[in-house]
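Q: So the sequence lines, in the order shown, correspond to chains E and C.
Going left to right, the first sequence walks through residues 403 to 515 as the working numbering numbers them.
Going left to right, the second sequence walks through residues 2 to 112 as the working numbering numbers them.
Read the hints as simulated data drawn from the structure, not as lab findings.
Keep in mind that this is a model prediction, so the values were computed, not measured.
There's no promise every hint is true.
To be verified - Below 25 angstroms or equal to it, Euclidean Cα-Cα: the simulated BS3-like pairs (lysine-lysine) are: (1) E/K507 <-> E/K444; (2) E/K507 <-> C/K58; (3) E/K473 <-> E/K507; (4) E/K444 <-> C/K45; (5) E/K507 <-> C/K45; (6) C/K10 <-> E/K507; (7) E/K444 <-> C/K10; (8) C/K10 <-> C/K45; (9) C/K45 <-> E/K473; (10) C/K45 <-> E/K407; (11) C/K58 <-> E/K407.
Stated by the list, open to error - With beta-carbon atoms standing in for the labels, derived distance ranges: (12) E/A447 <-> C/T71: 22 to 28 angstroms; (13) C/E100 <-> E/D481: 22 to 28 angstroms; (14) C/R78 <-> E/Q474: 37 to 43 angstroms; (15) C/G52 <-> E/E461: 27 to 33 angstroms; (16) E/L448 <-> C/T71: 21 to 27 angstroms; (17) C/D39 <-> E/E497: 25 to 31 angstroms; (18) E/A447 <-> C/K45: 16 to 22 angstroms; (19) E/Q474 <-> C/E80: 39 to 45 angstroms; (20) E/K460 <-> C/P84: 40 to 46 angstroms.
Idealized CB from N, CA, C, for every residue including glycine.
Here's the letter readout for the chains.
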Amino acid sequence: QQQVKQSPQSLIVQKGGISIINCAYENTAFDYFPWYQQFPGKGPALLIAIRPDVSEKKEGRFTISFNKSAKQFSLHIMDSQPGDSATYFCAAGVESGYSTLTFGKGTMLLVSP
Amino acid sequence: NAGVTQTPKFRILKIGQSMTLQCTQDMNHNYMYWYRQDPGMGLKLIYYSVGAGITDKGEVPNGYNVSRSTTEDFPLRLELAAPSQTSVYFCASKGQHYEQYFGPGTRLTVT
Chain E
403 QQQVKQSPQS LIVQKGGISI INCAYENTAF DYFPWYQQFP GKGPALLIAI RPDVSEKKEG
463 RFTISFNKSA KQFSLHIMDS QPGDSATYFC AAGVESGYST LTFGKGTMLL VSP
Chain C
2 NAGVTQTPKF RILKIGQSMT LQCTQDMNHN YMYWYRQDPG MGLKLIYYSV GAGITDKGEV
62 PNGYNVSRST TEDFPLRLEL AAPSQTSVYF CASKGQHYEQ YFGPGTRLTV T
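This is chain E alone, in the form it adopts within the complex (with noise of 0.2 angstroms):
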């Protein structure tokens, strides 16, 4: 079964630190690794995604790193902010076929004040 872990399940961070949330997966044919942030009663959005091309992708305060060999990416959100508190989650696709995403579990993040 095609599975992606995610950890920690929940992550308390002050304000200005750096949050990491980590995957792992299965699957080598995965080529497409998004993360999706959600807010309390709204629906998942994309955040940033990486293909296995590259080994670091960032955008503003948030970067994903990748490691191919090891079946792992992370991200990490620089200047934790409190409007960063949300839901992140972790997923994995392949690029051919009918494009699904497996999802991880979620990370709860709180940046408290």
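With chain E fixed as given, assemble chain C onto it according to the hints.
A: Below, chain C without anything else, positioned relative to chain E:
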């Protein structure tokens, strides 16, 4: 553009009742998906569609049915509601690129 819209926002069903969760997108996307989200369990794919008239099962299809008669609409049908179907349901759509756009969700309680 409204994006992906879902109705209703909330619903309480009695065991054995049936209902249809509505999903509409106005982005002319071919791909559409139904997920359920349970606390601490992430998003589980129920059904998906790659275009009008074409649907397929996801990871957790039991107890649900779908149809796709138009590009815009992808309703999810619960025929005999069970307490295990208490969840938040999200519809999503995807166009040419990878990004899936999610609706605001329907919170369903079966008692």
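Q: Which hint numbers doesn't this structure obey?
A: Failing hints: none at all.
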